[in-house]
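What follows is each chain in one-letter form.
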Amino acid sequence: GAVVSQHPSRVICKSGTSVKIECRSLDFQATTMFWYRQFPKQSLMLMATSNEGSKATYEQGVEKDKFLINHASLTLSTLTVTSAHPEDSSFYICSAREGSEPQHFGDGTRLSIL
Amino acid sequence: GQNIDQPTEMTATEGAIVQINCTYQTSGFNGLFWYQQHAGEAPTFLSYNVLDGLEEKGRFSSFLSRSKGYSYLLLKELQMKDSASYLCAVRDPYDYKLSFGAGTTVTVRA
Numbered sequence: 001g002a003v004v005s006q007h008p009s010r011v012i013c014k015s016g017t018s019v020k021i022e023c024r025s026l027d028f029q030a031t032t033m034f035w036y037r038q039f040p041k042q043s044l045m046l047m048a049t050s051n052e053g054s055k056a057t058y059e060q061g062v063e064k065d066k067f068l069i070n071h072a073s074l075t076l077s078t079l080t081v082t083s084a085h086p087e088d089s090s091f092y093i094c095s096a097r098e099g100s101e102p103q104h105f106g107d108g109t110r111l112s113i114l
Numbered sequence: 001g002q003n004i005d006q007p008t009e010m011t012a013t014e015g016a017i018v019q020i021n022c023t024y025q026t027s028g029f030n031g032l033f034w035y036q037q038h039a040g041e042a043p044t045f046l047s048y049n050v051l052d053g054l055e056e057k058g059r060f061s062s063f064l065s066r067s068k069g070y071s072y073l074l075l076k077e078l079q080m081k082d083s084a085s086y087l088c089a090v091r092d093p094y095d096y097k098l099s100f101g102a103g104t105t106v107t108v109r110a
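Residue numbers (the numbering used here), protein chains in the order written: chain E, 1 to 114; chain Z, 1 to 110.
Bear in mind the hints are in silico, worked out from the structure with no lab data behind them. Cβ coordinates follow ideal geometry from the N, Cα and C atoms, glycine included. The hints are all genuine.
Chain Z regions said to be covered by chain E (calculated; three or more residues, Cβ under 8 Å):
1) 41-47
2) 93-100
Lysine-lysine pairs mimicking DSS-like chemistry, simulated, CA-CA at most 27 Å apart:
3) E:Lys41 <-> Z:Lys76
4) E:Lys20 <-> E:Lys64
5) Z:Lys57 <-> Z:Lys81
6) E:Lys20 <-> Z:Lys97
7) Z:Lys81 <-> E:Lys41
8) Z:Lys97 <-> E:Lys66
9) Z:Lys57 <-> Z:Lys97
10) Z:Lys97 <-> E:Lys55
11) E:Lys41 <-> E:Lys64
12) E:Lys41 <-> E:Lys20
13) E:Lys41 <-> Z:Lys97
14) E:Lys64 <-> Z:Lys97
Partial pick of chain Z residues on the chain E-facing surface, computed with a CB cut under 10 Å:
15) Asn30
16) Phe33
17) Ser85
Put together the whole structure using the sequences plus the hints.
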């Protein structure tokens with residue numbers, strides 16, 4: 001149980017493109033979904049917390065207009081990186097939790113902006 | 001604020017035991033979690049403790065002492081595939097966010 005699916009696993013695109021990443025909880029209803037980014041050899045950095053039907057809560061320093069989060073249902077959250085530039089290249093990972101259970105992570109999306 | 005410390009690197013021999021310590025000072029506490037992350041992959045959940053004591057899950061065990069702000073992850077009968085980064089994380093009781101340590105890279109040698 002507790003499977004989180006993230007898609008796509010890898011994106012390579014030109015500067016200025018907007019990229020959408022999907023995160024789904026496959027066998028449970030996620031109370032909350034979280035979005036992280038991770039640079040090489042660094043730990044995970046929380047970007048935002050997403051609850052179904054409400055606006056995402058962004059961490060300090062994360063641009064909400066740059067990283068659009070939509071949480072349409074209890075099993076789906078999307079992160080859109082708008083007008084991506086090379087500095088947005090990173091490993092983006094979502095996670096989901098149900099109640100007091102541990103967070104489970106998706107497989108991550110490696111984003112490369114040329 | 002959140003302060004979570006764990007060693008940067010550890011090396012051990014195949015078949016041996018390794019203990020990864022984690023100390024924390026956080027503004028709130030609702031559980032301590034251990035994740036394994038192989039290079040280039042997302043973290044996978046290993047174990048967690050909410051109450052003091054030892055939790056055993058196969059070759060992996062995790063211990064917690066809340067009064068000391070201390071936890072450890074014990075890996076027994078090490079295998080080459082256990083070479084990975086191990087992340088210690090504390091959960092906030094209000095918003096359920098995880099605060100992560102920097103991770104401990106474990107290298108298993110033959």
